[in-house]
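Undergrad: Whenever a hint applies, use it, and build me the whole structure from the sequences.
Line order of the protein sequences matches chains A and B.
Per numbering that gives the first Met the number 0, the first sequence runs over residues 0 to 251.
Per numbering that gives the first Met the number 0, the second sequence runs over residues 0 to 233.
Be careful, since some hints might not be right.
[Unchecked claim] With a cut-off of at most 27 Å between alpha-carbon atoms, the simulated DSSO-like pairs for lysine-lysine come out as follows:
no.: 1; chain 1: A; residue 1: 73; chain 2: B; residue 2: 12
no.: 2; chain 1: A; residue 1: 230; chain 2: A; residue 2: 187
no.: 3; chain 1: B; residue 1: 199; chain 2: A; residue 2: 73
no.: 4; chain 1: A; residue 1: 110; chain 2: A; residue 2: 24
no.: 5; chain 1: B; residue 1: 86; chain 2: A; residue 2: 77
no.: 6; chain 1: A; residue 1: 180; chain 2: A; residue 2: 156
no.: 7; chain 1: B; residue 1: 12; chain 2: A; residue 2: 17
no.: 8; chain 1: A; residue 1: 180; chain 2: A; residue 2: 110
no.: 9; chain 1: B; residue 1: 12; chain 2: A; residue 2: 110
Source of the hints: derived by calculation from the structure; they are not laboratory data.
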Amino acid sequence: MIEIQGINKSFGDTQVLKDISAIFKPSIVNLVIGASGSGKSVTAKCIVGLHEVDSGTVLYDGRNFTNMNRYDRKEIRKEIGMLFQGSALFDSLTVEENVMFPLTMFTEMSKGEMRERANICLERVNLVNKNHLLPAECSGGMQKRIGIARAIVMNPKYLFCDEPNSGLDPQTSILIDNLIKEITYEYKMTTIVITHDMNSVIEIGDYIIFIHEGQKWWEGSKQDILKTDNKEINEFVYAADFMKQIKDNLGR
Amino acid sequence: MMRYVFSRPERFKIYKNRVFDEIEIIGLSSIPLVALLSAFMGAVVTLQTASNMDSPLLPAETVGFITRQTTILEFSPTVISLILAGKIGSNIASEVGTMRVTEQIDALEIMGVNSLGYLVLPKIIAGVFTFPFVIIISMALSLLGGLFAAVQSGLCSQEDYIKGLRYWFMADDINYALIKTVTFAVIITSVASFYGYYTKGGALDVGKSSTQAVVYSSIAILIANFVLTQLILL
Chain A
0 MIEIQGINKS FGDTQVLKDI SAIFKPSIVN LVIGASGSGK SVTAKCIVGL HEVDSGTVLY
60 DGRNFTNMNR YDRKEIRKEI GMLFQGSALF DSLTVEENVM FPLTMFTEMS KGEMRERANI
120 CLERVNLVNK NHLLPAECSG GMQKRIGIAR AIVMNPKYLF CDEPNSGLDP QTSILIDNLI
180 KEITYEYKMT TIVITHDMNS VIEIGDYIIF IHEGQKWWEG SKQDILKTDN KEINEFVYAA
240 DFMKQIKDNL GR
Chain B
0 MMRYVFSRPE RFKIYKNRVF DEIEIIGLSS IPLVALLSAF MGAVVTLQTA SNMDSPLLPA
60 ETVGFITRQT TILEFSPTVI SLILAGKIGS NIASEVGTMR VTEQIDALEI MGVNSLGYLV
120 LPKIIAGVFT FPFVIIISMA LSLLGGLFAA VQSGLCSQED YIKGLRYWFM ADDINYALIK
180 TVTFAVIITS VASFYGYYTK GGALDVGKSS TQAVVYSSIA ILIANFVLTQ LILL
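TA: Shown next as C-alpha cells:
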C-alpha cells in the first residue's frame, strides 16, 4: 500500500501540487487522472522521489519515504517497477539485456538464471523471439511491453505506469491496459497508472483520483465517475461525444 | 555531483565492463583522427620551422629540436585535447543528454541505480587511462610526420632532424605533458557529462548542451593549461 499525505510541490513561484492525499491499495489498479498540466505526472514523480516534495509525506507500507536518505531510498526503489511514457529503454542494450538489467545490477543470479527470468517476463507480455532486437527496431507497442517486462522482472511490490497508452493505437492500448490489470492481480502489486485516456479509466480503473489544477478534486471507482455531478470531472470525462452517448445510455 | 560520481559502485563487474566499452568509444575510436592530425601538423611545424630559419648561425638540428618541443609541450597534449574536447565532449554530452530527455536516467534512478556513478565514472576512468596513450601516439606520429616532411622537402637531413630530436631532451617534459593530458581528460569527460546530465527539455536542448560542453571544456582546458604551465615549468 502507498499512502500520500498532504503533499505540496512548487516549481519556482508556481505551485503544482496542493495538499494531495490518497491511499493506493494493493491488488487493484489505481488511476491518477486529469487534464494535461494538471499535475498528475508530478504527483507520480513525487511519490517515486524523482521530485522532492516541499511538504507532506509518502509512505510505502508504512515506511516514510520522504524522510529517507539516498541509500535507504535505494532499497525501496528495488521494490518499484516503472513504465515510462516513452518506455525509457536503454538504446544500446538489446531487448533481453534491457529486461535483464535490474537483475544484473541487484541480484547474484547466474547469466542463465537471469536469461530464464527475462524470458519468463517477456513471454508474460507476449514477446517471444525478440530478445536480440534493439529498442529502435521495435514498434511503440512492443517497446511498452518490453518496458512492462523490465518493470516486473524484479517482482516489484509497487508498479507505476506513466501514460502507458500514449502514442499507441486503440487496440494496442487495450492490450497494454489488460496486461497491467492482469499483472496487478497476479502479482498482488500496488499499481498506480497515470493517464488521461478514458478508455483506460473504463477498462481498468478500480480506484481513481482526479487531479484538477494541482488539487485532488475527486476520488472513486469507474462506476462512480460516470455518475458523478462534479462539473470539472464531467467536462473531463465527457469531452468526447461517444462518452456522452454512454452517459445518455446509462441515464435511460 | 562528483560525490555521487565517485560513490561506491553497485556492481564492480558491470562498471568494469562499462569502462572497457568507454575505452573503446573515448580512446580507440579517436586514434584515427588523432593520427591524421598529428602526422600532418608535425609535418607542417617542421616545414614552417625549416623555411623560416634563414640565419646560417642556427644549426640544422634546430628544426628537429623545435618540432620536438612544440609537439611534446603544447601541440600533442593541448591542441589534440582541444580537438578531443570537440569530438568526445559533444559525444558524451549528447549521449547523456539524450538519456536524460528520454527518461533513461530516471529509469536508472527508479531501479535504485546511482545514475551519476553508472554513467559518468566509467567515462572519467576511461578518459584518464586512454588519453595518455592517445597523446603518446600523437607525439610519435607528429615527430614522424616532421621527419617525413623534412627529408622529402630537402630542408633538413634525416640525421640532423634526429639529432635535433635527441638534443637536450628532458624526460620531465614528457611527465609535464602527461600530467596535463590526465587533467584535460578529467575536464573533458566531467564537464561534458555535467552538461549532458543536467539537460532539460528536448532535442534542441541536447544540441545546446553539446555545444556548451565543447565550449566550456575548451575554456577550462586553456585555463588549466596556463595554470599547470605556471606550476610545473616555471
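Undergrad: So, for every hint listed, does it hold in this structure?
TA: So, going through the hints one by one against the coordinates:
Note on residue 73 of chain A and residue 12 of chain B: the hinted pairing holds, with a Cα-Cα distance of about 19 Å set against a maximum of 27 Å. This hinted pair does not check out: residue 230 of chain A and residue 187 of chain A have alpha carbons roughly 34 Å apart, beyond 27 Å. Restraint check: the Cα-Cα separation between residue 199 of chain B and residue 73 of chain A comes to about 24 Å, which is no more than 27 Å; the hinted pair holds. Taking the CA atoms of residue 110 of chain A and residue 24 of chain A, the gap is about 35 Å. The hint is violated against a cut of 27 Å.
For the hint pairing residue 86 of chain B with residue 77 of chain A, the CA-to-CA distance comes to about 37 Å; that exceeds 27 Å, so the pair is violated. In summary, the hint linking residue 180 of chain A to residue 156 of chain A is supported, as the alpha carbons are separated by about 14 Å, within the 27 Å threshold. Distance hint between residue 12 of chain B and residue 17 of chain A is unfulfilled; the C-alpha atoms sit about 44 Å from each other, more than 27 Å. At most 27 Å may separate the alpha-carbon atoms for a hinted pair to count; residue 180 of chain A and residue 110 of chain A exceed this at roughly 30 Å.
Between residue 12 of chain B and residue 110 of chain A, the direct Cα distance comes to roughly 13 Å. Compliance with the 27 Å bound is thereby established for this hinted pair.
This entry does not satisfy hints 2, 4, 5, 7, 8, going by the numbered hints stated previously.
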